[in-house]
Amino acid sequence: MTEAGTQDAPPAPDRVRRSGRWVFVTGVGLLVAWVLVPIWLLLANALSAPAEVTAFPRSIIPSFDTASLEFFFGFRGVLDALWNSIQVASVTMIVAIGLGAPAGYALSRFDFPGKEAFRFLVIMTRAFPLPLLALPLAVMFIRTGLDDTILGLALVHATLALPFAVLITFSLFSGIPVELEEAAWTLGCTRLQAVIKVVLPLAAPGIAASAVFAFVISWNEVFAAAVLTIENRTLTAFLLQSLDVSPLHLKFAGGAALVIPALLFIFAVRKYLFAMWGIANR
Amino acid sequence: MNKLETLKAGAALATMTLLAGPAAAEALFWSTQAKPVEETQAMREQVLAGFEGGVDYQGMDEGPWLTRIQAEMQAGSGTIAVLGGLHGDLSGLGEGLMDLSAIDTSVIGDAMLELGRLGTDQQLYVPWMQATYLMAANREALQYLPEGADLNALTYDQLIAWAAAVHEATGERRFGFPAGPQGLRHRFFQGFLLPAYTGSTVTEFRSEAAVEAWGVFAELWSHTTPASTNYSFMQEPLLTGDVWIAFDHVARLADAFNQRPDDFVAFPAPAGPEGRAYMPVLAGLAVMNTAPDAEQSMALVNYMLQPETQIATLRATNFFPVMPVDMPDDMPASVQAFAPAIATMTGASDALPALLPMGLGELGGQFSQIYTDTFEQIILAGRPVEATLDAQAEVLRALMVQANAPCWAPDEPSDGPCPVN
Amino acid sequence: MPRALPYLLLLPATLFLVVFFLYPFVNVAWDSVTRGGEMTLANYQRMASHWKFPTAFWNTLLLAGIVVPIQLAMALTMASIVTKLQKGRSTLLYIFAIPLGISDLAAGLIWLAIFEQSGFLNSMLYGLGVIERPILFLSYQNTWVILLAIVLAEVWRATAIMMVILVAGMGLIPKEYGEAAEVFGASRWQRFTRVTLPMLKPSLQTALILRVILAFEVFAVVVALGGTQFPVLMSETYQWQFTMQDRGVAAAYAMVILGISVAFTLVILRLLHVPKEARI
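Chains as they are written, first to last, in full-length UniProt numbering: chain A, 1 to 282; chain B, 1 to 421; chain C, 1 to 280.
Calculated from the structure, these hints are not laboratory results. Even for Gly, the Cβ is constructed at its ideal location relative to N, Cα and C. Hints may contain errors.
Unchecked claim - Residues from chain A shown here face chain B by an in silico Cβ test under 8 Å; the list is partial: (1) 47; (2) 50; (3) 142; (4) 148; (5) 245.
Modelling step: build the complete structure from the supplied sequences, incorporating the hints.
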C-alpha cells in the first residue's frame, strides 16, 4: 500500500514529460478559470455601485461599493432565514443519508425479489417535477400540522435528496469488495461491526459527497420552500425567488448573498470531504 | 473514527434545532405585487409598519402564490390573512373568497368595484391600487421623432416611423417590448393594439382590421430589438441603453426614471384608427374563507384603503391610489413623470379605455395565452396572419362559451357568451 | 444470511417515499387522466396538440443530448486531474466543486449578465477592440446561439456533481491495478480506458442517471437565457400549471417528463450493466 503523498510520478522520457506537463498545467489553468470567472463576475458586480452595473462597457474590477450588499443584510429577517436554511439543509442531509445508506447497502449486497421495483421507485421520485407535487404535499402538511416547520420542509427536501443518496451509496458499496467484510466476519465481527469498522471508513468520502449534495439540494430549493414555509422562510425562498424581477444591481447582490454562504459551507466540509483521501486511496 | 464522531455531533446538533419556536401572530399578507426586493422592503417598512399587530408581507411569484392558496382552500384551514394580486390573479379564486361588502368602499369608483365582484353580487375583492401602461423613451431618441409628431398624441404609424428613424440612424433596433416569460405582452394586444384598430378585444378578433393591426405590429417589430423575447421588465434595457423607446407597465418602468430622472420621458400609448386604446391595471385585496382571524384581515384591508396608506403604497410600488387623494409634492421622480402622461392619455379626446377581462374566472390565464400564442405564431414563427387568426379565433370562441362570459368594454354588451365573428 | 435483512434495510426509505412521494404523485397522476371528475385522455390530447409541445419535447432531448456528454467528458477530466495531482489537490477539488453550491436561478443570473447585449462578453470584446458595437447574442432569430449559451451555463453549473461522484469512485479503485498495467507497458490513455473506466462503471452509472434525469427537468437557466424562445418540457409544465391554471394538462406534461426519464434510466442501466461477478 502506497501513501498518496509519497508516491513518485511514473518514470518517463524527459521531453514527453515536459510537454505533457505543460499541457497538463494549461488544462488545469483553463478549467480553474472556467469555474472561477463567472463567480468573479457575480462578486465584482455585487460590489459595484448601481450606475456601474448598468454601464457599458462593464467593468470587471469592482469599486467596492457595498451599498447593494448592505441592502440585503439590512433586510428584516435575513439572518433568521439563513439560520433556517442551515437547519433545513442539515436535517435534510441526515434524513437522506440515514434512510438512503442502508438502502444503498442492501441493494449492493443482496439479491432479492422486489429489488428492481425499489430502484424504479427511487429513480421515479426524482424524475417528477416538484412544483406539481407541492400542492398535495402542502394540503397534507396543513392537515397534519407539519406545515411551516423546519422538519416538514426538510422531509420534502429529503425526498428530493434520497434518490441521490441511495444511488450514490449503492455504487459506493458496490465498489467495496465483499471479501473485506467476509474477512472481518471470520475475525469475529458481527455484520453490523463489519460494516461500521470496515465498509464505512472506505465509503466515507462518497457518503460525504452525497451528504453535501443533499445539503446543496435543500439549500437551493425554492419552490417547496416558498409554499411550505411562512414564518420560517429559508434564505432561498426569502431572497432569490423575486430576484429576477429586481433591479440589476440588486440581482447581483442578492445572488452573491446566496452564493457566498454556499461557498463557505462547501469550504468548511472540504476538509471533511477530502481528509479521508489517504484511506480511500489506499 | 474521527469523522464518525463528527457526523454524530452534527446529527445531534441538527436534531436539537428541528422544530423552530412559535412565531408571532402577524397578519400574513400574501401578494403577487411589489415582488422586487426593494419594493417588498418598502412595503414592509413604509406602508405596513403602521398596522397594529404587525404584518408579514410576502411578495411571491405566481406559482408558489397560487399553490399555497389552493392548498389552504383544499385543506380547509390556513394562515394567510390577506391576499394581494392583480385582477387576473384573483379572478380564478372566486369560490374561496369571503364577501367584503362590509368594508367601506364608498370612495372607490363603481367600475373598479364591479370588477371586484367577479360576476357575482358579492364584493370578492376590494380594489387596492391601480396603474396602467405607458411609453417611455430615452431623451437621445427624441431627435429622431418624425416631423409633425406630437409626443403626447402619437399614432402607431408615427411610432413606427420614429423607431425606424432610430434604427436607421444608430444601426440598432431600439424599440423594446416586454415579450419575455414574465412580460405583460398579452395586455398590449388585448388592451392597446387590437382595440386601437378594431375597437374590440374579442368580437373582432379575426376581422380585416385585426389583420391590419397585426401587420402594423409586424412592421414595428422589424424595428424592435430581438432581445425583447428576454425582457420581462423594460426598465433595465432602458437603463443599459439597449432600448431607447419602450412600452410597459408603469411599475416596470419606474426604476429607470428613479435612477436617472433626467434621461427619460414618459408619454401616452399611441392611437390607431379607432382611438387611443389603453388598459388599466387593477390590483385587489381579498380575504380567503380560511383566514385565521377574519377580523384582523378586515382591519388590514381597511388599513390599506386609508388615503395615507394609499400614498405610501404609491411611493413604494408606483401603483396609484384607487380613490382621489391629495398628492404631496415630494413624490419619486417616476411618479412625477408618469402622472401627467397618464392624465394626458386618459383625458385625450380619442381615449378608448379597454377593461380587464371580466367573468372568465380561472380561464383568464388561458384567455391571455390566446393573445400570446397569436403573437408568437404570427410575429416570431412567421406563420400566415389570416390562418393563425382563424385558428385562434376558434379557441377564443370555445373559451368564451365555456366561461359563458358576456362582452366587456370596448366590446358591445352581449346576451350570453361574447361572440367571436 | 437472514432473508429479511434487505427488506428491513429498505423499509424506512420505502415508507418515507410512499408518504412523501407516492401519495402526492398518485394525486397528480390522477389529475392527468381526469377532467371534471371523469376519466379521459383529453389532457394528453390537449398537450400533444398544442403547437409548442413538439418543440418543447425535442428541445429538452436536444439539450440533454448535448449537455450530458460534454459534462461526462469534463467530469472525467477533472476527476482524473484531481486524482493524479500530488500537491494542492484539495484546493483544486474545492474550486471544481464550487458550482455545486450555486442554484440554477443564480446560475441563470450570472450567465445572462455575460451574454446580454450590454453584458460582460460584449464589454470584453469591445474593450479588446474586436467589435465596434455590442452584438446581440440572445436573439430569437438565432436559436442556436441561445442554445449555445444555455449549454455553456448548464455545463458550468452542473458538471461538479458528476465530478464529485467520479472522484469518490476513483478513490475506491485500488492503485495496484494501474501500477500493474504500467508494469506491462500500458500507456496513460490505455490505463485510463482499460483500467479506470471499467472499474468506474458503478459510479459512472450513478453519475449519468442523476445528470440525465436532472437534465430533463432543466428550467431556470433556460428561462433566464432563452426567454420564451426556447420552450422545454418543464417551462411548459409551469406555464400550464400556473399561468393557464390547467392542472390536468400540466400533470400530463409531468408524466411525459417522468416517462422519458424512466426510459433513459433503463437504457443507461442496460448499457452500463455491472455483472455481480465482475465487481471488484
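Violated hints - listed by number, lowest first: Of the numbered hints, just 1 does not hold.
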